[in-house]
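Protein chains: 2
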Amino acid sequence: MENFNWNQGFTLDFNLQSGFSQNAGTTKRYLSDMRDFYGDTETVESILEKDNPLIYEFYELGCPEREGDLAFGTTIVYPGLVGSEYYMTKGHFHKKVDTAEVYYVLEGEGYMVMEDPGGNTREISMKKGEAIYVPRSFAHRSVNTGEGPLVMFFTFAADAGHDYGTIEQKGYHHMICRRDGEAVVMENRKWN
Amino acid sequence: MENFNWNQGFTLDFNLQSGFSQNAGTTKRYLSDMRDFYGDTETVESILEKDNPLIYEFYELGCPEREGDLAFGTTIVYPGLVGSEYYMTKGHFHKKVDTAEVYYVLEGEGYMVMEDPGGNTREISMKKGEAIYVPRSFAHRSVNTGEGPLVMFFTFAADAGHDYGTIEQKGYHHMICRRDGEAVVMENRKWN
Numbered sequence: 149m150e151n152f153n154w155n156q157g158f159t160l161d162f163n164l165q166s167g168f169s170q171n172a173g174t175t176k177r178y179l180s181d182m183r184d185f186y187g188d189t190e191t192v193e194s195i196l197e198k199d200n201p202l203i204y205e206f207y208e209l210g211c212p213e214r215e216g217d218l219a220f221g222t223t224i225v226y227p228g229l230v231g232s233e234y235y236m237t238k239g240h241f242h243k244k245v246d247t248a249e250v251y252y253v254l255e256g257e258g259y260m261v262m263e264d265p266g267g268n269t270r271e272i273s274m275k276k277g278e279a280i281y282v283p284r285s286f287a288h289r290s291v292n293t294g295e296g297p298l299v300m301f302f303t304f305a306a307d308a309g310h311d312y313g314t315i316e317q318k319g320y321h322h323m324i325c326r327r328d329g330e331a332v333v334m335e336n337r338k339w340n
Numbered sequence: 149m150e151n152f153n154w155n156q157g158f159t160l161d162f163n164l165q166s167g168f169s170q171n172a173g174t175t176k177r178y179l180s181d182m183r184d185f186y187g188d189t190e191t192v193e194s195i196l197e198k199d200n201p202l203i204y205e206f207y208e209l210g211c212p213e214r215e216g217d218l219a220f221g222t223t224i225v226y227p228g229l230v231g232s233e234y235y236m237t238k239g240h241f242h243k244k245v246d247t248a249e250v251y252y253v254l255e256g257e258g259y260m261v262m263e264d265p266g267g268n269t270r271e272i273s274m275k276k277g278e279a280i281y282v283p284r285s286f287a288h289r290s291v292n293t294g295e296g297p298l299v300m301f302f303t304f305a306a307d308a309g310h311d312y313g314t315i316e317q318k319g320y321h322h323m324i325c326r327r328d329g330e331a332v333v334m335e336n337r338k339w340n
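Protein chains in written order, with our numbering: chain A, 149 to 340; chain B, 149 to 340.
One chain only, chain A, in its complex shape (with noise of 0.2 Å):
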């Protein structure tokens, strides 16, 4: 891990197109990281027999889990699909639940696809050049609807803290999907 002085600032590069930074390493997470988080478990097993794609890369810069600090950095999702479902991230509830996130998208397009704890749900489109406001509450997901990779500057709370069990345990009411070339919100038959 990289040693940031959080105390007395700093800059880090992120270029603006790729979103990559010269002077720090991302964390990545590959299919065989996600095999429970898709529907079609077949096809992720399918694909898994003979390759495992990097689905989504970002960086964790240390940012100490502080009042008042505020984690940030860029996410790259890789364009794809598994059967019908475009590729994603993992999405996550913040521990501290009633915090929000703030994302800014560079290049590509997609859906950030969000939901509460009550199962309240909301499915935002977004593209390159615009912010997005993830409200306090809702657990997110950001959703690669695009041809290219879907890259996004994102900022929040540094002692909000990531749940993905609860996330990974019950999935996501619903999901995107391609159908005759369109994405499309689908329900998710395996939520529970």
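Hints listed in this document are in silico derivations from the structure and should not be mistaken for laboratory results.
It is possible that some hints are incorrect.
[Claimed, not checked] Short derived list, chain B residues pointing at chain A, Cβ under 10 Å: (1) F152; (2) N153; (3) G157; (4) L209; (5) D217.
Where a beta carbon is used, it is the ideal one built from N, C-alpha and C, also for glycine.
The hints should help you fit chain B onto chain A, whose structure is shown.
Frame of chain A; chain B shown alone:
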């Protein structure tokens, strides 16, 4: 003031080069709003006799000042000089002083000039494609040392608030001036 849905989420466009949104309006700061911020008061007054240049503008989207929400937007600082001192923002402490801010430079170059209540100073140079971490407790001001606009996307905790008064009264210890065509850090002789 536009009315955004901070409880349900929304997108808002910000041009990745100019920083401007087609769906929100900016707050503008003219030289007359900053009479006492520049070192060379005589030059300020002589400029104001014939003109009142726009120094910078930024978005205030009306985010509720609640814990867990995040204010965001862009700031555009125009290129120019007041005497030898570069165009800059007023700068501010957060009222909740222990709160950070994240900037991401979309265009241009300049300095983030920072100072904590104990008088510790930090000047960080920044340019297009760099994120800047402004740590908790530091007042911060953006200075444009380039030929074109300095455009930054920013995010900070919505309940942090802004305290312009303290820094307006005392000034910063340091100022960024042009000497022989180069940006240099100078002592502010008006500091009190």
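- Query: With 10 Å as the cut and Cβ atoms as the points, is B:D217 at the interface with chain A?
  - Reply: With a minimum Cβ separation of about 5 Å from chain A (threshold 10 Å), the hint on B:D217 holds.
- Any CB of chain A closer than 10 Å to the CB of B:N153? Holds: closest Cβ of chain A sits about 8 Å from B:N153, inside 10 Å.
- Mind checking the CB of B:F152 against every CB in chain A and telling me if the closest is under 10 Å? 7 Å, holds
- Hint validity - B:G157 Cβ closer than 10 Å to any chain A Cβ: 5 Å, holds
- Closest C-beta approach of B:L209 to chain A relative to 10 Å, hint status: 9 Å, holds
Going through the hint list in order, the structure satisfies each hint without exception.
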